[in-house]
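Listed in order, the protein sequences are those of chains A and B. Residue numbers for the first sequence follow this note's numbering, so the first one is 1 and each next one is one higher. Residue numbers for the second sequence follow this note's numbering, so the first one is 1001 and each next one is one higher.
For the record, the hints were derived by calculation from the structure and aren't laboratory data. Be aware that a few hints might be false.
As the list claims (entries may be wrong) - One side only, chain B facing chain A, incomplete, derived with CB under 8 Å:
1) PRO1004
2) CYS1055
3) LEU1083
4) ALA1086
5) THR1089
6) GLN1134
7) PHE1135
8) ALA1139
No experiment lies behind these values; they were computed from the predicted model shown. We put the beta carbon where it would ideally sit given N, CA and C, even for glycine.
The lines below spell out each chain.
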Amino acid sequence: MKNQSNSTVPFILYLADNNLILAQRNSEWCGHGPVLEQDIAITNITLDLIGQARMLYQLAADHINRQNGNQDATEDTLAYLRNEREFSNVLMVELPKGHWGFTVLRQYLFSEFQYLLYRHLSAHADEPLSAIAIKSLKEVTYHVQWSREWVLRLGDGTSESHQKMADAVQDIWMYTGELFQAAPFEDAAVLQSIHTEWKQRISETLEEATLIVPEKVFMQQGGKQGIHTEHLGYMLAEMQYLQRMHPNATW
Amino acid sequence: MVTPVYDTQHIHRLLEAVSDPEIPVLSVNDLGIIRDIQINGHQVEVVITPTYSGCPAMDMIAESIQSYLHSCGYNEVKVTTVLSPAWTTDWMTETGKRKLETYGIAPPNRITRDSDAPKKCPRCGSTDTRVISQFGSTACKALYQCNECMEPFDYFKCH
Ligand SMILES: [Zn+2]
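Just need the whole structure built from these sequences, with the hints factored in.
Pasting the structure below:
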C-alpha cells in the first residue's frame, strides 16, 4: 500500500489472514445453523472468504518467492505452517463464534469494512491485488446485504433477541477500533477515510435496528502485530494439525 | 487414436463436452469462463476465469478440461486462471440460459444495474415469485418459491 518493497507482502498477508481466520471461525456453523437456509448462507459466505484468502495467499507467495529467488512459499505453507505470532489478522475475527446474533453482527461489522477497503483497492496500483479486490467486492456486497438484514431482524426483534444483540454490540465494540489503527504496512489516511464512512453506515444500521452505538470505549489491539487473544492458538492447533503431523500430506 | 487439430476454434468447440460438475447441463462455454486458448506448437493453454472465488467446482473444471483434451489426443495441455476482468453472468450464453431454465433453474435476469430477480418460475412460468434465501445450494444460486405452483426453485443470481 505504501512502500512497494516493504509493505506489500505484510499487507497482502494481513488481508488474507483476516479472511482465513474469519472463515475458519464461521465454518463452525456448518451443520449447526439455526435453520437450513441460514446454515447454507453462512457457509457460502465462508466459502467466499476462503476463496478470497486463497487468491491473496497465492499472490503473497508469488511476491515472497520472487524476493527469495525460490519456490518455497505456497498458499498452503502460508496458511498451515505459520505460527500464531506470524498471523496478523485483527482480533475481531478470531473471537469465538458466540451465538447466532454475535456471528451475524461480527460478519456485518467486518463485511462493511471489507466492502469499503476492497472498493478502495479496486483502484490499487498493484494490478493482481486490484483484480482480487474487484472480484471479491461482488461477493462482499452480498455478505453486507445478508448480515445487515439479520442485524435489523434481531435488533428490532423480540425483547430477548434485542437484548442479546445489545449485549453483542457491547462485547464486540472494543475490537472494532483495531480495524482502523494503521499498522506500518497500511496507509493511515486511507484507513481514516474508510473509518468515517464505516461509522456512518454502521450507525445508520444500528439505529434502524434500535441498537445503540457505544461511545468512548477502550479499544483492544495487537492482532496486526501478531499479539493475539488466547482463542487463535486453539484454532490454529486444530486447523494446522494435519500438516504439522503429516508434513506435505495431500488428498 | 484421435488426431488432434491445433486450431483454437476447433478446441473451443471441443470444450462444449466439458460441463460444470455442479450444474452438469451447462458446458464451460455456456458458463462463459473460457477466456482464451493459446496454441504454441503442440502445446495448448486454456485460460479460464473463476465464477466465484471460493467455488469448489473450479479445480474440478480445470482437471476436466485437461483430461478431456488429453483424451482428444492433445498431450500437452495447461489450464491457467486469470481473475481480471472478473467473471459476470452477462458472459453466460443465451443457449446456456435456455438450458438452465429447462433444467429447472431460473436463469440470471438483470433488472437494473444493481438489482435482479427471476423472470418467471421455471416450472409453471408464473411471474409471481418470492425470495426465500439469497443463498441457495451453491454460492451462485438463490432460493425462491413460486406463489402460483408453490414449488421452491433455484435462481442463478446475477453476478
Ligand atoms: Zn410455479
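Status of the hints after comparison with the structure:
no., hint, result
1, PRO1004, "30 Å, violated"
2, CYS1055, "7 Å, holds"
3, LEU1083, "4 Å, holds"
4, ALA1086, "4 Å, holds"
5, THR1089, "10 Å, violated"
6, GLN1134, "6 Å, holds"
7, PHE1135, "4 Å, holds"
8, ALA1139, "5 Å, holds"
Hints 1, 5 from the list above are not met by this structure, while the remaining hints are.
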